[in-house]
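J.: Sequence lines, in order, name chains S and X.
Sequence positions in the first sequence follow the working numbering and run 1 to 77.
Sequence positions in the second sequence follow the working numbering and run 1 to 355.
Take these hints with a grain of salt, some might be off.
Computed beta-carbon distance windows for the label pairs [to be verified]:
1) X:Phe180 <-> S:Arg21: 22 to 28 Å
2) S:Asn73 <-> X:Thr203: 33 to 39 Å
3) S:Arg21 <-> X:Gly176: 43 to 49 Å
4) S:Asp56 <-> X:Trp168: 49 to 55 Å
5) X:Ser102 <-> S:Arg21: 52 to 58 Å
6) X:Trp270 <-> S:Glu58: 40 to 46 Å
Which residues of chain X face chain S? A few of them, derived with a C-beta cut under 10 Å, are [said to hold, decoys possible]:
7) Ser62
8) Gly133
9) Thr136
10) Ala137
11) Lys193
12) Val202
13) Glu257
14) Ile323
Just so you know, these hints were derived from the structure itself, not from any lab.
Ideal placement from N, C-alpha and C gives every residue a C-beta, glycine not left out.
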Amino acid sequence: MEIKVLGPGCAKCKKTEKLVREVINETGVDAVVEKVNDMMQIASYGVFGTPSVIVDGEVKCTGKVPKKADIKNWLLK
Amino acid sequence: MESKINHQLHNGGKINKILFFNLLMGSIGVYLWWTIYHILPDLSKWLTYNLLPVKVGSHLGSSVEFFFYDTPKVMMLLFLVVFGVGVIRSFFTPEKTRAFLSGKSEFVGNIFAALLGIITPFCSCSAVPLFIGFVTAGVPLGVTFSFLIGAPMVNEIALGLLYGLLGWKVAAIYMGTGLFIAIFAGWVIGRLKLENHVEEWVTQANAANLTMEEEKLTWNDRLVYGWDAVKEIIGRVWIYVIIGIAVGAGIHGFVPEGVMASIMGKDSWWSVPLSIVIGVPMYSNAAGIIPVVEALLGKGAALGSVLAFMMSVIALSLPEMVILRKVLKPKLIVVFVGVVASGILFVGYLFNMIL
Chain S
1 MEIKVLGPGC AKCKKTEKLV REVINETGVD AVVEKVNDMM QIASYGVFGT PSVIVDGEVK
61 CTGKVPKKAD IKNWLLK
Chain X
1 MESKINHQLH NGGKINKILF FNLLMGSIGV YLWWTIYHIL PDLSKWLTYN LLPVKVGSHL
61 GSSVEFFFYD TPKVMMLLFL VVFGVGVIRS FFTPEKTRAF LSGKSEFVGN IFAALLGIIT
121 PFCSCSAVPL FIGFVTAGVP LGVTFSFLIG APMVNEIALG LLYGLLGWKV AAIYMGTGLF
181 IAIFAGWVIG RLKLENHVEE WVTQANAANL TMEEEKLTWN DRLVYGWDAV KEIIGRVWIY
241 VIIGIAVGAG IHGFVPEGVM ASIMGKDSWW SVPLSIVIGV PMYSNAAGII PVVEALLGKG
301 AALGSVLAFM MSVIALSLPE MVILRKVLKP KLIVVFVGVV ASGILFVGYL FNMIL
């Protein structure tokens, strides 16, 4: 599973990345997390709110820090 | 489908109970809020002069009393305004705002963009993706700028603080003139036809066609959304508010009356432009700057100059220009700064003249 956290590096983006990593550790899901900081790359996903979370190419959430329960849902599905 | 409806019916009673409980707690909260708010002046006097070794009428006493009164008062007002705006914001998303704006004509679009800037949830660090998303979806460049100028300048934090510290008149003047500048500056930038001064890669970015299923929110979810906004925003700004009020309290108690009249007074023509120039490199948010501004007003600074200073600090910041440089060519940044500064200049002179 491939997870991308999009965000230029504000506090919310860092928190999102941290939460995603926590959920992966807790659930033991086999996933790679990548933090995308580059504006051009972020824009290429079509999102315009950061932080955004993308799981296997699918945009799961934009413009807010997701809840832990939601992240769990995306990963275990 | 059928089972989903059954499921919702089944949960209906439970959700109503939660909503009822929240409303009950809310009413108790509002009552407590109201009571505390009204005993604050006496409480701050009592705290200052009975618990601390300061004398009535001394410089220190007047500073400390100011601090003990203004800090809880501003925090309480912020709490209320941020919660209210948070609940309103749960009805809006940047996606909906974009869809609404992409079909609008220029002038009307500018007005709506500036207004929607207040209530669309959006963090200043996503200004660049938002800019790209708007422009590639066919929102006119000028309308996009109205949004980007309005959103940071006219916001719930500024509103709560101005109302708490300076009264509803100044809060209304700030709201009105802030919206005016966002509409005017966006409209001028649109008229100047500067579309070719946006970096090329922006128009090639494929940001136009993202479809995400929309979440269905209950009223309970919206209350939670407002509460989350309170935790998030107050958690972020409280330290600036306290530092701002402490600086303001220092000015309040120790700076002689009328000393600001010579620097930021209404009689010297250069006080407005000077206030703007001082404001640009200062990177603070509304939370930190408004308590200082209140103290300056008390020492003889003119409202026009003070408005100009405040707007320049909030709307024209160097870090923001550096971020925007990624999507705008230098000429467009210069135009952006120039037009916004002219708007602020106009507002500053206007209020120094009529008040």
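J.: Check each numbered hint from earlier against the structure, then list the numbers of those it violates in ascending order.
T.: Numbers 1, 5, 6, 7, 11 and 13 - these are the hints that the structure violates, sorted from lowest upward.
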